[in-house]
Amino acid sequence: MKAEDAFASAVLHGSDVCFAVPGYPVTDLAEKCGAEYTLNEKIALEYALGMSLSGKRAVVIVKNAGMNTLSDPLVSATYQGLKAGVVIIAGDDTEVRGSQTRQDSRKYGDVASVPVLEPTSDDLCSSVEAAMQSSETYSRVAIIRVTPAVLDAEISDVSLLERRDGSGIVFADDLTMKGRCEYAETITAVMKQKLIRENIVPETFASRGHYRTLCRNCPYKPLFSILKNTLSKNNTVAICDTGCSLLSKNPPFCFSHANYGLGSSPAVAAKSTKIALMGDYAVLHSGLNALIDMYEKHGSLFCIILKNRKLGMTGGQDCPDILPYLARFTPTVVSADDPRLEELVEKGVTENTGLGILVVEGECPSGENHETIEC
266 MKAEDAFASA VLHGSDVCFA VPGYPVTDLA EKCGAEYTLN EKIALEYALG MSLSGKRAVV
326 IVKNAGMNTL SDPLVSATYQ GLKAGVVIIA GDDTEVRGSQ TRQDSRKYGD VASVPVLEPT
386 SDDLCSSVEA AMQSSETYSR VAIIRVTPAV LDAEISDVSL LERRDGSGIV FADDLTMKGR
446 CEYAETITAV MKQKLIRENI VPETFASRGH YRTLCRNCPY KPLFSILKNT LSKNNTVAIC
506 DTGCSLLSKN PPFCFSHANY GLGSSPAVAA KSTKIALMGD YAVLHSGLNA LIDMYEKHGS
566 LFCIILKNRK LGMTGGQDCP DILPYLARFT PTVVSADDPR LEELVEKGVT ENTGLGILVV
626 EGECPSGENH ETIEC
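Just so you know, we're using my numbering here: the sequence shown kicks off at 266 and counts up by one.
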């Protein structure tokens, strides 16, 4: 039996869903796994992370060059954590037959601090479950690196490991960077000289003493309050993005979850809570690709976009107007003080059929900075 066929059977046995971007040497493998194709590899991994948050195991199949595209959410997932397992199958074109360069995907194990499996042809079938268990044990993505020689080999042993679904933890105390930072004082070994200890002790929220929150006169405070109440009432959360929307994770709002990098929220939310919150620059950076992918697939998502025409967290640089690029999605556009805002949010959260985009326009207050709230 061809190793690739056995490998596809193992993927179907050990996972709940599969996403892929076709490319040599894994095009046929993706087809045999019945993978859902996405516009790029970043979207594929973000979809997989969303499925993980929903408790479903996911596999992402890409070629070596595709690893570069998905590296942002790959690294972010290490400190955010997972629930169900996520495995990337990286096909390295070692003979450069269908690629412009030779690339060793194993290096991403060091970059993202994730487990990497490099099975022989005889080990392909068992590698899927082993990778899934590693992902769930260590609450991070796992990588299986394959080559044309491994996939094309003939094998006789096609036995599969018994599937044992586990669960990682988003923000796991002992497995993620965030958790290790928060509990640093309880796991750091006692030092003989206190002076040395004081110089190297990590900063924690408790020692810092405060959280960041929105500017004093931020026009989006009413929207955040509406979202907090509406999401709490409906027992759900939003997936936030990098930027000021990230502050929705902090007090006094605390209604969002799981930021996997700039522009990641639409794809992650599409496969989990169906509610995304992001800024206009995050849309232009990479979120637009996911919105296009969902539009073409008639997916369901309520995406709230904060349009302030600024990069609010990085110095207030100008951001292009997003509306011309969102026209195909027919977004609803309102001002941050629109009296219909609560009604529109309630409708988007509760009905949530198809791709709904709510653009909320506001202007950053001149000369203000983010405020802080004591822990």
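Don't read these hints as lab results, they were simulated from the structure. Here a beta-carbon is modelled for each residue, glycine too, at the ideal position from N, C-alpha and C. A hint or two may mislead.
To be verified - Below, a list of computed lysine-lysine pairs in the DSSO-like style, where the Cα atoms sit at most 27 Å apart: (1) Lys562 - Lys612; (2) Lys612 - Lys498; (3) Lys514 - Lys493; (4) Lys321 - Lys514; (5) Lys514 - Lys498; (6) Lys486 - Lys321; (7) Lys612 - Lys486; (8) Lys297 - Lys321.
Stated by the list, open to error - Derived DEER-like restraints, expressed as beta-carbon distance ranges: (9) Glu633 - Phe470: 38 to 48 Å; (10) Thr366 - Ala592: 34 to 44 Å; (11) Ala592 - Pro516: 14 to 24 Å; (12) Glu633 - Thr366: 42 to 52 Å; (13) Thr595 - Thr615: 16 to 26 Å; (14) Leu425 - Glu296: 17 to 27 Å; (15) Tyr289 - Gly580: 34 to 44 Å; (16) Thr597 - Thr385: 32 to 42 Å; (17) Thr595 - Glu360: 26 to 36 Å; (18) Gly431 - Pro287: 29 to 39 Å.
Going down the list of hints, with the structure as the test:
no.	hint	result
1	Lys562 - Lys612	22 Å, holds
2	Lys612 - Lys498	13 Å, holds
3	Lys514 - Lys493	10 Å, holds
4	Lys321 - Lys514	24 Å, holds
5	Lys514 - Lys498	17 Å, holds
6	Lys486 - Lys321	34 Å, violated
7	Lys612 - Lys486	19 Å, holds
8	Lys297 - Lys321	20 Å, holds
9	Glu633 - Phe470: 38 to 48 Å	23 Å, violated
10	Thr366 - Ala592: 34 to 44 Å	37 Å, holds
11	Ala592 - Pro516: 14 to 24 Å	37 Å, violated
12	Glu633 - Thr366: 42 to 52 Å	47 Å, holds
13	Thr595 - Thr615: 16 to 26 Å	20 Å, holds
14	Leu425 - Glu296: 17 to 27 Å	20 Å, holds
15	Tyr289 - Gly580: 34 to 44 Å	42 Å, holds
16	Thr597 - Thr385: 32 to 42 Å	54 Å, violated
17	Thr595 - Glu360: 26 to 36 Å	47 Å, violated
18	Gly431 - Pro287: 29 to 39 Å	30 Å, holds
In terms of the numbered hints stated before, the structure departs from hints 6, 9, 11, 16 and 17, listed from lowest to highest.
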